[in-house]
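If you want the building blocks of each chain, they are given just below.
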Amino acid sequence: MAILDLQHVGYQVRNQQILADINLTVEEDDYLTITGPSGGGKSTLLKIIATMISATAGDIFYQGKNLNQYDPILYRREVSYCFQQPTLFGNDVLENLSFPAKIRRTDFDKARAIQLMQYVKLDEKMLTQPIKELSGGEKQRVALIRNLMYLPKILLLDEITTGLDAANKAIVWELIERLKGDSGVTLIAVTHDEQEILAAKHLAQVENGKLEVQR
Amino acid sequence: MSLDISNLSLVLVTALVFIALWIGYREQLGIDKDIVIGVIRAVIQLTIVGYVLKYIFHLNNILLTLLLILIIIFNAADNARKRSNGIRGAFYISFVAILSSTVVVLGVLVASGAIKMIPSQIIPISGMVASNSMVAIGLCYRNMNAMFRDQRQQVLERLALGADIKNASKGILRETIKTGMSPTIDSAKTVGLVSLPGMMSGLIIAGVDPVNAIKYQIMVTFMMLATTSLGSVIACYMIYRKFYNDRMQLK
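Here the protein sequences come in this chain order: A and B. Counting in our numbering, the first sequence runs without a single skipped number right up to 215 at its last residue. Counting in our numbering, the second sequence runs without a single skipped number right up to 251 at its last residue.
Possibly wrong hints are sitting among the right ones.
[To be verified] Mimicking BS3-like on lysine-lysine, the simulated pairs with C-alpha atoms at most 27 Å apart in a straight line are:
1. A/K132 - B/K166
2. A/K65 - B/K251
3. B/K166 - A/K153
[To be verified] Computed Cβ-Cβ distance ranges for the label pairs, DEER-style:
4. B/I185 - A/R178: 35 to 43 Å
5. A/A199 - B/K166: 56 to 64 Å
6. A/K132 - B/I185: 26 to 34 Å
7. A/A199 - B/M238: 48 to 56 Å
8. B/L193 - A/E95: 32 to 40 Å
9. B/S187 - A/L94: 44 to 52 Å
None of these hints come from the bench; they were simulated from the model. Glycine included, C-beta positions come from ideal geometry on N, C-alpha and C.
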């Protein structure tokens with residue numbers, strides 16, 4: 001069964017049509033890469049799927065049920081969105097990694113946090129490091145594993161490697177590769193990166209508000 | 001000591017207004033018109049209020065007293081709304097917050113015997129409570145607007161992680177409530193050292209023993225702490241929701 005199904009989705013702001021008649025089916029455990037020119041509507045599409053904004057036309061079905069029928073809070077815990085230029089909040093790394101547990105009113109799983117930190121080559125000691133002392137790449141890695149403290153059903157990645165150097169990109173993609181395995185996470189990534197586009201299992205292009213599945 | 005200010009004295013004191021006008025003219029501040037309008041309004045409003053209060057104190061009618069308090073709260077709420085920069089429902093929220101803080105504070109003051117349930121005590125105290133609550137709420141609105149703009153990305157990150165709107169706004173709520181309360185806390189710290197507040201000064205000018213006057217000022221200080229904290233908390237917890245739509249998206 002498709003985990004995500006977009007039917008005739010459109011998005012309009014005032015008189016400007018950002019997205020029009022988007023139809024897209026994403027299967028469970030799939031890895032879909034979305035590319036296209038800047039300003040074409042890729043990020044808007046991802047934000048709509050993440051319910052950060054609502055489509056102005058069409059329907060979105062998640063696990064067979066219309067998105068409007070879901071509690072946005074519970075949906076966002078299953079369909080997790082990682083921003084293009086994420087911001088860390090609070091004072092230190094711990095505050096960020098423990099936030100998902102805090103909002104679920106459960107205990108912080110420190111072992112899980114350390115394991116994820118190891119995956120993205122962050123030392124355990126960095127847990128108490130003030131966020132203002134982190135580099136851009138480290139911040140991006142912390143933000144990414146913050147989304148993975150509770151494994152989502154769908155992970156939406158919005159150009160997360162843009163602006164990262166080669167070393168940081170490699171670390172981030174090592175983690176993505178790990179998720180592509182049998183983790184049960186469906187990945188939808190927006191990217192401009194040539195290598196990522198070449199490596200994509202399924203590829204769609206968004207241009208002038210239209211989506212075209214390429215493979 | 002006579003508490004009467006003669007009309008002649010009042011006319012002579014008008015010279016003070018000319019100092020402000022002269023500064024405005026000399027420094028080319030372009031506020032001459034505002035000063036004149038402000039002065040005329042103050043004279044007219046206070047004259048009317050003086051006669052209205054005299055009449056109401058004379059009647060000593062509880063319903064009329066309550067009506068006047070409601071008018072004070074209505075005006076305070078309308079003024080706080082103007083600081084909201086167009087947030088929907090700001091008048092209603094301000095009204096509820098100011099009314100609640102006024103009712104609680106007046107209730108405690110009357111129940112404790114600090115003031116009597118008579119118009120000449122209830123009405124001025126209500127005015128002080130409502131106006132302080134109004135200022136605190138206005139500060140909260142301004143701060144909240146600024147914080148939701150400056151910390152937009154952080155709020156979005158929290159929402160994307162599955163936080164409810166309260167959790168997503170927690171830092172903003174905390175900071176904003178603090179902003180609403182901090183002028184009162186600061187003035188509580190310096191009261192008597194930096195300024196002799198209006199009520200205490202008024203009592204001293206009226207011939208009351210300063211030691212008795214401070215008792216009233218202590219009461220006023222406690223009253224202000226309660227009123228600004230209550231007003232800020234109620235208004236903030238009601239208004240932050242207006243920054244989100246029903247799909248828990250940031251507007």
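Violations among the numbered hints: Going through the list in order, the structure violates hints 4, 5 and 9 and respects the others.
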